[in-house]
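Novice: Here's the letter readout for the chains.
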Amino acid sequence: MALSKKKQMQIFNEELFPHMESLKTFAFHLTYNDEDAEDLVQETYLKAHKFIERYIAGTNAKAWLFKILKNAYINEYRKKSKRPSKVDFEEIVNFHNSDDPSKSAYFDLRESLFKDMMGDEVTIAINSMPIDFRTVVLLCDIEGFTYEEISKIIDVPIGTVRSRLFRSRNMLKDKLKAYAEKMGYKDFRGLKRGEHGEEE
Amino acid sequence: MKGSENYQDLRKKINLFFDNELEHCDCESLLTRVSSDPRCQNIFNKEKSFRDYIKSNIKRPSVSTSLLSNIKNSIKIEDSI
Chain A
60 MALSKKKQMQ
70 IFNEELFPHM
80 ESLKTFAFHL
90 TYNDEDAEDL
100 VQETYLKAHK
110 FIERYIAGTN
120 AKAWLFKILK
130 NAYINEYRKK
140 SKRPSKVDFE
150 EIVNFHNSDD
160 PSKSAYFDLR
170 ESLFKDMMGD
180 EVTIAINSMP
190 IDFRTVVLLC
200 DIEGFTYEEI
210 SKIIDVPIGT
220 VRSRLFRSRN
230 MLKDKLKAYA
240 EKMGYKDFRG
250 LKRGEHGEEE
Chain B
12 MKGSENYQDL
22 RKKINLFFDN
32 ELEHCDCESL
42 LTRVSSDPRC
52 QNIFNKEKSF
62 RDYIKSNIKR
72 PSVSTSLLSN
82 IKNSIKIEDS
92 I
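As they're listed, the protein sequences go chains A and B.
Counting the first sequence from 1 gives a position; our numbering is that position plus 59.
Counting the second sequence from 1 gives a position; our numbering is that position plus 11.
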């Protein structure tokens, strides 16, 4: 039985519209700009309206909306913007799959100096990652989706979500470390006294 | 070699813990290890700081005041067709 217009609006007001801010954040990090992000969010809600009969009230509205947004981005926005869509996974895997402690070491974010790193370094670092890696970090670390939910949103097996997340975080740590070094911060931990030229 | 494998396992377990993907009993054993093993505690705290840092510093652009009304208007137009 088709949903009445009143019931549809009730679903939108109670279950779908409350996720607008999260959708905007996700869209912003996919499109890199505010106006396109709002267009993508609007497109998402219009598609949700079109397919509202497929949504079961009281289920996972947030995951449903994120899946619609991700598909809308891939199918429409990315075609228009002609952004490169292919990721050379081999190249990235070869570089980031290592779990060598020395490679995956990163600045200790508890250090007080990081409190001075005000700016958009996190956004810049996330936005510079390939789309597939950026997506899993946004879905897991920012939005708190489970591996199973992410798997359904981006249509990949859970094992792929897990490994992609692991690589994405290593990539992000490397980028933040590089950024900190560029800003003049040096990480001397792990070096013996005198190795970095400081006075004994 | 064995130390390296242990390190990998530990990091993976810590990742799963922060992703809420670790079984309850494994969570308990990890937390016990964290409280008794300084090396483990260090890795655990670093990962926690990293997650907190990312979450609190990512840009979250505000939604424009007109977006909701635009969507509602578009839905009304679609409904009327």
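One or more hints might be untrue.
Stated by the list, open to error - Straight-line distance between alpha carbons at most 27 Å, and here's what the computed DSSO-like set of lysine-lysine pairs gives:
1. B/K87 <-> A/K66
2. A/K241 <-> B/K24
3. B/K23 <-> A/K211
4. B/K87 <-> A/K241
5. B/K83 <-> A/K234
6. B/K24 <-> A/K64
7. A/K121 <-> B/K59
8. A/K121 <-> B/K66
9. B/K59 <-> A/K106
10. B/K57 <-> A/K126
11. A/K241 <-> B/K83
12. B/K83 <-> A/K236
13. A/K126 <-> B/K87
14. B/K24 <-> A/K106
15. B/K70 <-> A/K126
16. A/K211 <-> B/K87
17. A/K66 <-> B/K23
18. B/K70 <-> A/K64
19. B/K57 <-> A/K129
20. A/K234 <-> B/K23
21. B/K24 <-> A/K236
It is worth saying that the hints were derived from the structure and are not from the lab.
Novice: Now tell me, hint by hint, if it's right for this structure.
Specialist: Quick rundown of the hints versus the structure:
1. With a CA separation close to 14 Å, the supplied pair B/K87 and A/K66 stays within the 27 Å bound.
2. Simply put, A/K241 and B/K24 have alpha-carbon atoms about 32 Å apart, too far for the 27 Å limit, and the pair is violated.
3. Our distance criterion of 27 Å between C-alpha atoms is met by B/K23 and A/K211, whose separation comes to about 22 Å.
4. A distance of roughly 51 Å separates the Cα atoms of B/K87 and A/K241; the hinted pair therefore is violated under the 27 Å criterion.
5. For the hint linking B/K83 to A/K234, the alpha-carbon distance of about 40 Å lies beyond 27 Å, and the restraint is violated.
6. For the hint linking B/K24 to A/K64, the alpha-carbon distance of about 48 Å lies beyond 27 Å, and the restraint is violated.
7. Of the pairs offered as hints, the one joining A/K121 and B/K59 holds, with about 25 Å between alpha carbons and a cut-off of 27 Å not exceeded.
8. For the hint linking A/K121 to B/K66, the alpha-carbon distance of about 18 Å falls within 27 Å, and the restraint holds.
9. With a C-alpha separation of about 37 Å, the suggested pair B/K59 and A/K106 falls outside the 27 Å cut-off, and the hint is violated.
10. Using a Cα cut-off of 27 Å, the hinted pair B/K57 and A/K126 is violated, with the two alpha carbons roughly 32 Å apart.
11. Distance check on the hinted pair: A/K241 and B/K83 sit about 46 Å apart at the alpha-carbon level, beyond 27 Å; violated.
12. Straight-line distance between C-alpha atoms of B/K83 and A/K236 comes to about 44 Å, which puts the hinted pair past the 27 Å bound.
13. Taken as a hint, the A/K126 and B/K87 pair is honoured in the structure, with Cα atoms around 23 Å apart against an allowance of 27 Å.
14. Annotation: proposed proximity of B/K24 to A/K106 is violated, straight-line Cα distance about 39 Å (limit 27 Å).
15. A hinted pair counts as satisfied when its Cα atoms are at most 27 Å apart, and B/K70 with A/K126 qualifies at roughly 21 Å.
16. Between A/K211 and B/K87 the alpha-carbon distance is near 30 Å, which puts this suggested pair outside the 27 Å criterion.
17. Annotation: proposed proximity of A/K66 to B/K23 is violated, straight-line Cα distance about 45 Å (limit 27 Å).
18. Note on B/K70 and A/K64: the hinted pairing is violated, with a Cα-Cα distance of about 36 Å set against a maximum of 27 Å.
19. Distance check on the hinted pair: B/K57 and A/K129 sit about 31 Å apart at the alpha-carbon level, beyond 27 Å; violated.
20. A threshold of 27 Å between alpha carbons decides the hint, and for A/K234 with B/K23 the separation of about 20 Å falls inside it, so the pair holds.
21. With a CA separation close to 23 Å, the supplied pair B/K24 and A/K236 stays within the 27 Å bound.
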